[in-house]
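*Asks:* Just so you know, the protein sequences line up as chains A and B, in that order. As numbered in our numbering, residues 72 to 515 make up the first sequence, in order. As numbered in our numbering, residues 72 to 515 make up the second sequence, in order.
Simulated from the structure, these hints should not be mistaken for laboratory data. Hints may be right or wrong, so weigh each one.
One copy or any two copies: either way a pair holds, since identical chains are not told apart in the list.
Said to hold, decoys possible - Think about it this way: if two alpha-carbon atoms lie no more than 20 Å apart in a straight line, the pair counts; the simulated EDC-like pairs of lysine to aspartate or glutamate are:
hint, residue 1, residue 2
1, Lys145, Asp268
2, Lys150, Asp170
3, Lys343, Asp192
4, Lys147, Asp268
5, Lys145, Glu262
6, Lys102, Glu262
7, Lys150, Asp263
8, Lys229, Glu171
9, Lys223, Glu171
10, Lys150, Glu224
11, Lys223, Asp170
Protein chains: 2
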Amino acid sequence: MVNSLDNNPPHKVVIVGGGFGGLYAAKTLAKAAVNVTLIDKRNFHLFQPLLYQVATGALSPADISSPLRSVLSKSKNTKVLLGEVNNIDPEAKQVTVGDEAIAYDTLIVATGAKHSYFGKDNWEEFAPGLKTVEDAIEMRSRIFSAFEAAEKETDPEKRRAWLTFVIVGGGPTGVELAGAIAELANQTLKEDFRNIDTSEAKILLLEGLDRILPPFAPELSQEAEASLTRLGVIVQTKTLVTNIENDTVTLKQGDEVKEIASKTVLWAAGVKASAMGKVLAERTGAECDRAGRIIVEPDLSIKGHPNIFVVGDLANFSHQNGKPLPGVAPVAKQEGEYVATLVQQRLAGKSLPPFAYTDHGSLAMIGHNSAVVDLGFIKLKGFFAWLFWLVIHIYFLIEFDNKLVVMIQWAWNYFTRNRGARLITGKESITEFVIADNKQPVNV
Amino acid sequence: MVNSLDNNPPHKVVIVGGGFGGLYAAKTLAKAAVNVTLIDKRNFHLFQPLLYQVATGALSPADISSPLRSVLSKSKNTKVLLGEVNNIDPEAKQVTVGDEAIAYDTLIVATGAKHSYFGKDNWEEFAPGLKTVEDAIEMRSRIFSAFEAAEKETDPEKRRAWLTFVIVGGGPTGVELAGAIAELANQTLKEDFRNIDTSEAKILLLEGLDRILPPFAPELSQEAEASLTRLGVIVQTKTLVTNIENDTVTLKQGDEVKEIASKTVLWAAGVKASAMGKVLAERTGAECDRAGRIIVEPDLSIKGHPNIFVVGDLANFSHQNGKPLPGVAPVAKQEGEYVATLVQQRLAGKSLPPFAYTDHGSLAMIGHNSAVVDLGFIKLKGFFAWLFWLVIHIYFLIEFDNKLVVMIQWAWNYFTRNRGARLITGKESITEFVIADNKQPVNV
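Same shape as in the complex, but just chain A (with noise of 0.2 Å):
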């Protein structure tokens, strides 16, 4: 497979993580005359826009995820490293994993991003984000605990602040949530408490613009807040989250100042760049903007270093239309299937045309028979988005590993309107935490 008349030894590409960004490029490469080398600090690719629903116990973890050794076990050039890169050295043209220094003739860093609390890190532990597994499972036993402590709760107005639950950030994880929670406490969770009424749950999603899902159509943001209002979700657009504690989100609507008593508040607002960009830019002196991405070159390279390229959320792409390209999985896929093109076109001494990002359009799931897809050309609401969403996502899951049975989990939600994945687990058990005084910070 390697062709070794004019590539000998063979071109070393490593790769730095095992998203979309970094799994693509290494699928692209996968019959090319080049030896990769893929690291990644998990053993498994994430497929990130299904997550909120392993946070609402509609999936397990193992649905969404493919382990990256079983999706690349075929690629026969290609070597997967479990660790984490804690240097670069462009000079020397390695990466150091551990204490093991590993070449490179290219390197493609698609590290991602982590949630920024806006400089708010103390938020962190009240208002937990979603980006891992182990997120997921935090979410989980959040949402499911607190419906326990409810139940439990004998004070009207704690039991209220358990049943309040606010999502901050209106994009399409905030939206996806709210919807869940809501279709929870309406439907899956109904008939199974005896002193409360589960679908008097109050659930509020927070933004900042004047419109949730800013990305789509203005008419789309608008069914979108429709629907989620008929599931019984509050959605309040112009707001701002100026402080969270234990039980308190304080917001601000214009000029009015307010306080929600909720024990159970989620992430879904900023992003900010993962720690490998401080590190790639500090020895290459790249650009990064406000978030910590690394400005790109037309080709993603990085200035000055042509052989050095950044894909995905950790990347800031902004030749297109002035503005940087969106942290979205589709964003990641092209730009890591580009790279890996062009290092086999510079390797056959050819050249590519800059990176352009084809929007093949967006889309959002709100709940039962409810989505809303905006392709562009042609925008679509209600049952037939919902469909399309069905149909796309599972289309993408069964391209890494056959998923089947997300698909059969998904229509026996459907038709029982049940979700059997609503564990409370971790390494503490739920019974320090229903125990504990309802004034103790919620931490299971």
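Here the structure of chain A is known, so what remains is to put chain B in place on it, guided by the hints.
*Replies:* What follows is chain B alone, placed relative to chain A:
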């Protein structure tokens, strides 16, 4: 539903523990004229017989868990309470959860068993057992991390220690773990690594008695040993473990003492009563056996406390054939059903003959197309035993909740030999583990 004629206010049944014993007691009481409160530390019932499939990456925790509230949602006389009982007061007839006292007329204690290291509690760190979802996830992380560490290790001796798996205990759990790990090494992971040949993994199954699966007929023990040997498992009977340390297991076979270098030791040997057993014995004066189990009367009540019953793994019932019934799901289920029926009979002024366990037989999965089934009147092995095992497990899973997903997952695993749920997860990132010195204890 509550018959208030001769039973006003309704008789209060409190059940502690939502395993097989407690849950079947509650289900049997669903239509009875009593008030039932089921108390559990966890919000789900766990189908423990399949926990080894979570530990080896074939199923997700949620696939073998059923939310207790969902299982009991139609039992309108039943309340589920999430919490840990910290005291029992037989005089006041109440149990305490946190600082809440819950009154009972009849108490059913079904808190089960936990692993026992025969006084060597320091072994637990190096040889985790398999009782909870967290245990299974810990085992799964250790098994898959061991292959990852072997892939990175360059010292052949250390690499061999990473590829050596020792399973202590040749009962059904030990046999099923050994078979599943052998299949992982020989089939599932075979194409996934570049530096190691996973089929070189050494899997040892250690048993103190002279044959594995002692509850089965001797010819089935033989058959199981032969099947495991064909899968590459080294079965060592009459073998006592005398010490377990970081990376060494010390064995005694007759007079011979051996040391085995292994990084992954899994405990499937002994169990002892859960902590509630001690509390119960102290408060009621009940007699315990060496494993801490409560010695019960022929009707499963505690001597001198006809309204307190113990069922499942916590009970030592020796009235049937002089020795205690085994700690398996069918015993717990039948005991739970018996006590629930007895409570109803007593309320109707009637009585029941002593409890008698109907043994329908034993089964153990070995691997692909291979199992052993001992129904007493018929003994099955190989493919038919395997099919029987599948059908029985699906039948029991369906009783709780539709576990169509498990069937599909199994069908998929069967045809592809893949195991999708092989995630290494946990609060402490895998990275800390893989980049650590190999001399450190595995703690992921």
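*Asks:* Give the relationship of Lys150 and Glu224 under a CA distance limit of 20 Å: within one copy only, between copies only, both, or neither.
*Replies:* So Lys150 and Glu224 pass the 20 Å test across copies only (14 Å; inside, 53 Å).
*Asks:* Using 20 Å as the alpha carbon limit, work out where Lys145 and Glu262 are close: within a copy, between copies, both or neither.
*Replies:* Cα proximity of Lys145 and Glu262: across copies only (8 Å, versus 48 Å in one copy).
*Asks:* Quick one: Lys150 to Asp170, C-alpha cut-off 20 Å, is that within a copy, between copies, both, or neither?
*Replies:* Answer is within: at 18 Å inside a copy they meet the 20 Å cutoff, but 56 Å across does not.
*Asks:* Up to 20 Å between alpha-carbons, please classify Lys145 paired with Asp268: within, between, both or neither.
*Replies:* Result: close only across copies, 15 Å inter versus 52 Å intra.
*Asks:* Within a copy, between copies, both or neither: where do Lys223 and Glu171 come within 20 Å Cα-Cα?
*Replies:* Answer is between; shortest inter-copy Cα gap is 10 Å, intra-copy 53 Å.
*Asks:* When no copy is named, should Lys229 and Glu171 be tagged within, between, both, or neither for a Cα gap of at most 20 Å?
*Replies:* between (53 Å within a copy, 17 Å between copies)
*Asks:* My question is about Lys147 and Asp268: at a cut-off of 20 Å on alpha-carbon distance, are they close within one copy, between copies, both, or neither?
*Replies:* Classified as between: cross-chain Cα gap 14 Å, same-chain 56 Å, threshold 20 Å.
*Asks:* If the cutoff is 20 Å on CA atoms, where do Lys150 and Asp263 land: within, between, both or neither? Let me know, please.
*Replies:* between (48 Å within a copy, 9 Å between copies)
*Asks:* Regarding Lys102 and Glu262, is the shortest C-alpha distance of 20 Å or less found within a copy, between copies, in both, or in neither?
*Replies:* Classified as between: cross-chain Cα gap 17 Å, same-chain 54 Å, threshold 20 Å.
*Asks:* When Cα atoms must be at most 20 Å apart, do Lys343 and Asp192 count as within-copy, between-copy, both, or neither?
*Replies:* Within. Shortest intra-copy distance 12 Å satisfies the 20 Å Cα cut-off; inter-copy 44 Å does not.
*Asks:* Pop the pair Lys223 and Asp170 into one bin, within, between, both or neither, using alpha-carbon distances up to 20 Å.
*Replies:* Cα proximity of Lys223 and Asp170: across copies only (12 Å, versus 52 Å in one copy).
Comparing the model with each numbered hint stated earlier shows that all of them hold.
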